[in-house]
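Going by our numbering, the first residue of the sequence shown is number 319, and it counts up by one from there.
Since the hints were derived computationally from the structure, they do not count as laboratory data. Errors might be hidden in some of the hints.
[As the list claims (entries may be wrong)] Calculated cross-link-like contacts (lysine-lysine; reagent style DSBU-like; alpha-carbon spacing at most 35 angstroms):
1. LYS1291 / LYS1218
2. LYS500 / LYS596
3. LYS822 / LYS842
4. LYS1005 / LYS1071
5. LYS1218 / LYS1327
6. LYS596 / LYS525
7. LYS972 / LYS1005
Note that the structure is predicted; figures quoted are calculated from it, not measured.
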Amino acid sequence: MISLLYVDDDPSLLELVKIFLERMGQFNVTTATGANGAFEALKTGHFDAIISDYQMPGMDGITFLKTVRDRCGDIPFILFTGRGREEVVIEAINNGADFYLQKGGDPESQFAELIHKVRQAVVQHRAQDELGVAYERLAESDVKLQSQLRDLERMQSERLETEENFRNLVENAPVAIYIQTKGRFVYLNNAAVRLLGASSADELLGKEFIERVHPSFHDLIRKRVSTLTIDLEPVELLEETYLTLDGTPIDVEVKAVPFKFGEDHGVLVMLHDITVRKRAEEELRAAYEQITATDMELRRHYEELAQKELLVRESEARFRAIIEQSVQFIGLMTIDGILIKANRASLEFTGIPESDILGRPFWDTPWWAHSEELREKLKDAVKSAAAGNTIKFEATNIGADGQITYIDFSLKPVVDEEGRISYLIPEGRDITWLKQAEEALRQSEERYRIFVETANEGIWAIDAKFDTTFVNKKMQEIFGYTAQEMMGRPVWDFVPPGDAESMKEVLRERRTGVPGRYERRWIKKDGSLVWCLTSATALFSPDGTFTGSFGLFTDITERVRMDEALCESEKKYATVVEQSQDGIFIAQDGKLVFHNRAFSAITGYADEELEGRSIADLIAPEDRELVLTRHQERLEGKTPPEIYEFSALHRDGKSRIPVKMSIAAGTFQGMPATIGTLHNMTEERKKERILRESEERYRTIIENIHEGFVRMDSEGIILMVNRSAIDLFGCESSEELVGIPIVSFYRDPVERKNLIDRMGTEGRVDGFETEFKKKDGSAFWGSVDAHYYSNPTGEPAGTEALFRDITDRKTMERALHDANRKLALLTSVTRHDVANQLTILRGYAEMASGEVRGTPAAGHLARIDAAAVAISRLLEYTRTYQELGGHAPAWFRIDETVAKTAVRQVSIHEACGRFEIFADPMIERVFFNLFENAQRHGGNVTEISVRCRESADWLVIVVEDNGVGIPAHEKEKIFERGFGKNTGFGLFLAREILSITGMTITETGKEGKGARFEILVPRMFFRKIVPEGQK
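Based on the provided sequences and hints, a complete structural model is requested.
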């Protein structure tokens, strides 16, 4: 038995459903009126599932579902309601409803489906509970198995680790170990493999071990092996000789241990290599014999050495005399660096007593106490000389007076008759004078080098053949070459081809000794030309032979270019002056000394008539005093305006020419002068008059329109308003608005930004509605039409907008909206109650028809049920039609709208992703009905496509399928109310929804090839989507 809780706000429906469910299935049904009654029942009873209505007072079915999920967990929940809207279904499923079933239709089939849903939900829930229990048991069992498995793995790991440790111990033991059975190797460790000269154990395994024993031990070992048994003690250390694989004998100490190896007797043999020890013993015996023979030889040599000693003393005396008289510093030291002799010159040089230096390491003597680095260098020198090398380097010594002495130092080995190094001889000589001379020369060369390298002029020296011998840094910079690139190259390599002959003449003059100064062109490394001012001087040898010359080069390229540019500028200036449309003149002492052709054209005089004419003659009498007064002020050092307007007098003596004069003081041909320009203002005055008249007409129009006109700059600052705008914003005059940011009159400043953003996207905005503030702070609703305006150069300068007060319209819209909302609430409640009563009516009719089956009353009941079905369809139609136009139209992307309602086989052409349409929010139902009709009535439909095509005045949206199509005589009927096999309202409503924003829909397909619907969208109700980066 399944225990159910059924929740509804209609007692009659609660009783009917309880009767049906308990009569048709194994159910025990508890009913509750509303959500509060259900919560009381849930406190005292246990239920396998809950059935609930959606529209109930106090708490609707979705809120009841959420609360049940919070309090009771995942108990099966079926929503059984008369509300058929998709959003209700989606919200119910999203909040955890197991099934959704709509009231209405045939009672028997409806309650049969309800029973099926309940049983399915309960079975699934029980199966999930049982599966959860089984899973918990399986999880506990899995934990135990995992624990046992980890124990086994741990023990196996420990055993393997022990085996591995023992194997590593034997394999890496320093003692050679092998095992043999039946006289053959069966195991060798790494030490045994190395001892026997094999690269791996595979070279020895399986072979007879006796092959690796020296033949002299074969009989002894065979006899010993034959007597070994497992019970015997290990064989003590024995000395034997083994052979490596290449036959080399090895002396070893052997210890053998018998043991059981598998099914055989085995012997573990340990070998210790004693070859080195044996060899040392042999060498020791040989050495003893040699020492005995050597002792006798030494006695004989001693007598010879005594004779030679006398000769050495005599030679030593002569050597000492030479050393003592030498002016160089000479000494004698052992090969360890101990000084045993220093001559007189070395001691007198530093004034150091002989007792302070003899017997000490040479590097520790006072000579070198001033430098730790030098002492280390001497240590290294002694070691190198003791190895047979002659060492030379410069050293320094600091005397008692603090003066530095430079010493040219050398260290040489002394070799005896037998070629052995017995002593080292240090030598040195004072080279301070030489270092001082070198330093003076270096400083002189450095001063010369700095002078040459830092000179601002390039210095270039050539030899007698005119080949380059020297260039300084500046010369390299001028020509763009490095010194290495110029050295040895002749002068001709740098002379332009056209200048070769003149250059030859210059060089001929140089051979005569004549100095030169000239300007010439030269070729740089990059091929460009550089102009240089050159001062050249010839060089001669003492006998008067020409040896070359050198020159100082100054880069004057920029000066040459400036001269050329100045000449070109003067030509251009003359052209500009003569071609100028403005008159240009120069006057001295009040008379014209220069004028251009435009000046003659403005005044009407010929050129010769103007020459020397007084400026006053060219000014209209009424402006003459103004011009002459300002001229006098300028002469007195005052600063009158440099630009002003007056009337010039034409040659005819009557005509006045309006001109603008710009004037300044200057010089002409070395004398003070007045320089000025005259601009003929005749055309400007004419345009100003026309513009003034146009602005007056424009302002008249602006001032008389009913909409408020406002012009703003690019920052939103008000520049101009009309009378209507002044009244609209509650002001008295334009001064209260001009200069104020327009955003200050928006009730929400964000709305101003939204308007500008739309203008940036669309170029202009029409009918932008938002709330504004008057000067006194009161609010009003306004509609704005706005666009950008440009300055005379064509660049955006700001915005212009028309403002309309739509407060009355908004008030009426709000009142109409409130009335519609109340009416919709009333019809919704009424429709819900009628739908419940219809369900009750059809339920009881169904029960009655079973009791009177076969009687005339059964027919009457069937007609009652058919009428109830018709009423139910009409109720659903009124619900849908009520929503039509209930919300303001908006912009919708076609591809996103189609994707929300499309079935799996719908393909959307990429062109649809580029458009938005202005439509009622129920536009999704249009596409939903088209797709549902294709599946319901199209036969075997496998493909539905949506394509978009733009024409001059329309956007065409095509929805077509590959089904059976629609007969020609039904193409218009399918849009009529009530036509069709289902509700009969789908396409009728689709056409109504589209017509709200001027769209139309027609069917243009061919029967047998599929249905094809074309939706025509007028130009004003579609737009292209602007990519984010292009807005």
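These are the hints, each one checked on the structure:
1. LYS1291 / LYS1218: holds, 28 angstroms
2. LYS500 / LYS596: Roughly 31 angstroms separates the two Cα atoms, so the pair holds.
3. LYS822 / LYS842: Roughly 19 angstroms separates the two Cα atoms, so the pair holds.
4. LYS1005 / LYS1071: violated, 38 angstroms
5. LYS1218 / LYS1327: holds, 27 angstroms
6. LYS596 / LYS525: Holds: LYS596 and LYS525 sit about 28 angstroms apart, inside 35 angstroms.
7. LYS972 / LYS1005: Holds - the C-alpha atoms of LYS1005 and LYS972 are around 23 angstroms apart, at most 35 angstroms.
Going down the numbered hints, you'll see the structure goes against just number 4.
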